[in-house]
Amino acid sequence: MSVTTLPPLALAHRQPSWLVRLFDYKPFLIVMCLAPAIGLLAVFLTYPLGLGIWLAFTDTTIGRKGVFVGLENFQYLLTDSLWWNAVFYSVVYTAIATFGKFALGFWLALLLNNHFPFKSLLRAIILMPWIVPTVLSALAFWWIYDPQFSIISYLLVDVLHWRSSNIDFLGSPWPARFSLIAANIWRGIPFVAISLLAGLQTISPSLYEAAMLDGASAWQRFRYITFPMMMPILAIVMTFSIIFTFTDFQLVYAITRGGPGNSTHLLATLAFQRGIAGGELGEGAAIAVSMIPFLVFATLFSYFGLARRKWQQGESND
Amino acid sequence: MTDTAQPAVAKAAPDTMAWDSGLRRLMMIYLPLGCFVLILLFPFYWMAITSFKPNAELMNYKEHNPFWISSPTLAHIKHLLFDTAYPRWLWTTMLVAIGSTTLSLIASTLAAYAIERLRFRGSPYVGLGIYLAYLVPPSILFIPLATVVVQFGLFDSPLALILVYPTFLVPFCTWLLIGYFKSIPYELEECALVDGATRLQILRRITLPLAVPGLISAGIFSFTLSWNEFIYALAFIQSGANKTVPVAILTELVTGDVYQWGALMAGSLLGSLPVAIFYSLFVDYYVSSLTGAVKE
Chain A
1 MSVTTLPPLA LAHRQPSWLV RLFDYKPFLI VMCLAPAIGL LAVFLTYPLG LGIWLAFTDT
61 TIGRKGVFVG LENFQYLLTD SLWWNAVFYS VVYTAIATFG KFALGFWLAL LLNNHFPFKS
121 LLRAIILMPW IVPTVLSALA FWWIYDPQFS IISYLLVDVL HWRSSNIDFL GSPWPARFSL
181 IAANIWRGIP FVAISLLAGL QTISPSLYEA AMLDGASAWQ RFRYITFPMM MPILAIVMTF
241 SIIFTFTDFQ LVYAITRGGP GNSTHLLATL AFQRGIAGGE LGEGAAIAVS MIPFLVFATL
301 FSYFGLARRK WQQGESND
Chain B
1 MTDTAQPAVA KAAPDTMAWD SGLRRLMMIY LPLGCFVLIL LFPFYWMAIT SFKPNAELMN
61 YKEHNPFWIS SPTLAHIKHL LFDTAYPRWL WTTMLVAIGS TTLSLIASTL AAYAIERLRF
121 RGSPYVGLGI YLAYLVPPSI LFIPLATVVV QFGLFDSPLA LILVYPTFLV PFCTWLLIGY
181 FKSIPYELEE CALVDGATRL QILRRITLPL AVPGLISAGI FSFTLSWNEF IYALAFIQSG
241 ANKTVPVAIL TELVTGDVYQ WGALMAGSLL GSLPVAIFYS LFVDYYVSSL TGAVKE
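As you go down the protein sequences, you meet chains A and B in turn. Counted from 1, the first sequence has number 136 at position 136 by this note's numbering; the numbering is strictly sequential. Counted from 1, the second sequence has number 131 at position 131 by this note's numbering; the numbering is strictly sequential.
Now the stretches of chain B that chain A is said to cover, found in silico as 3 or more residues with beta-carbon under 8 angstroms:
(1) 113 to 119
(2) 128 to 140
(3) 195 to 204
With the C-beta cut set under 7 angstroms, the calculated list includes, among others, these residues of chain A facing chain B:
(4) Leu-41
(5) Leu-108
(6) Asn-114
(7) Ala-140
(8) Ile-243
(9) Phe-249
(10) Ala-254
(11) Gly-284
If you want the ones that stay clear, here's a sample from chain B, every Cβ over 10 angstroms from chain A, calculated:
(12) Thr-73
(13) Ala-75
(14) Phe-82
(15) Ile-216
(16) Glu-252
Rather than coming from a laboratory, the hints here were simulated on the basis of the structure. Nothing here was measured: the structure is a model prediction, and the numbers come from that model. Beta carbons are placed, not taken as given, at the ideal position from N, Cα and C, and that holds for glycine.
The following block holds chain A by itself, in its conformation from the complex (with noise of 0.2 angstroms):
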């Protein structure tokens, strides 16, 4: 192969017409590379950014530019009681499906941090919920949560008689409510598990074989080497999981489409029910906007609380 293609490189370094010199020319060269991701990045990512903002000030609905409308959207929303249910709901599931992921997700870490065979395999199955789509995991958790036929529901009723009724896990708010956030888990706990595991590995085992000389107790070397060890890496995946938690959609979408009684919408399954469902794209973009505070100050929060020092991995790592 490299013997074929070596004449025309020679001649080309003999006689350098003006369009290699040109693709030699480091400026321009900097900018044809950086041209397609910028480039996408700009229309794609940039503007419809600036756009919804805009749009949140506007009343556009589909079809018809609408007009600036100044904070109207934003003042609706303050007293609209399912903006408030939405933003409640994205709070507690953001702040409950976020401990349960880290809390399971860290002593799945642990656990397989330890030697036992087949442990790749392992590895490679637990990562299977974060693989497949989400919204066809979340099909079989609605079929798992079905009134009639769920699965867990017999096991409880039938084998256990830990109960005499089926349970009703979409049908009434609270339940309705924690069954997704159980989903959210599920789903979250590999991506934790195995980010924490890469973090873990880091960790010299000489401090902990110092840590045994000096007689510490398992928890102690839990508490004193490994938890402030994974501070860095925890604060960063918390903060991915923190903003991918609370602009969650297809989870919410797929199984219960914000019912019942419009009890289990976040925001962002709102924003879309209103802006392109109800075609009230001025005010869905408003729903949109308005996740933007409680992401920035969930980013600050996660990364400036867990990370006081600073990311001791970043730079001389990656």
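Using the hints provided, position chain B relative to the given structure of chain A.
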């Protein structure tokens, strides 16, 4: 605080000696691990077993053990493949995933090369800017993006998805590839420069072949992410034929009050299989890209 912990330390010392004893290891490691695996995999088992159950068994737990199939059937899969547009949806999803993965790989390879190797003033800031784009969630963007897509006349076209998906793929891939390019010794490129190679030749003949593991990681990651994407596909595609699998199952197969659980689960299973197979072929690359542990 440390004083009060002292007695506990003394008591724990012989304890750690017994750590590796079989029973304790079983209780502390294998049992919880087994529970985790069971819970994490159960929905897939349930999905799979439902797809092959005849309807009579699906709705009757009294006479049939719900955890097993007495008379497996391919009726649901047959219904899916021949009575619905499922093959078409699979094809569209494949097309979109491959198209957007290719586009993002090209864009992010070039960008990563420019940022990491053609160093210019402000290149770290460009890198940071691209990385920050990863933090903008699609839930905030889909409404304005829908109007942009309509403006470009791409509404209801898979091309819209191919162009839009790179917004969340490019930041991640660029970041990953910057890490890979960093690990390639700069001296190799200097030698080539001395030998008179142009910078594009260096990229094509030296840097890229050495960065193949990184390219594979980025490719897998992009492919699975585009296969899984939902909100853009839901908002930008209207006609039944152009839908991607996740959207189509939810909007086309969920009809009426009585859900066709067999067909729904069969659709979910078939829709998960390509990405699961693809993933299982390259697990290690995927894990390394997920954890960002890209040092080779």
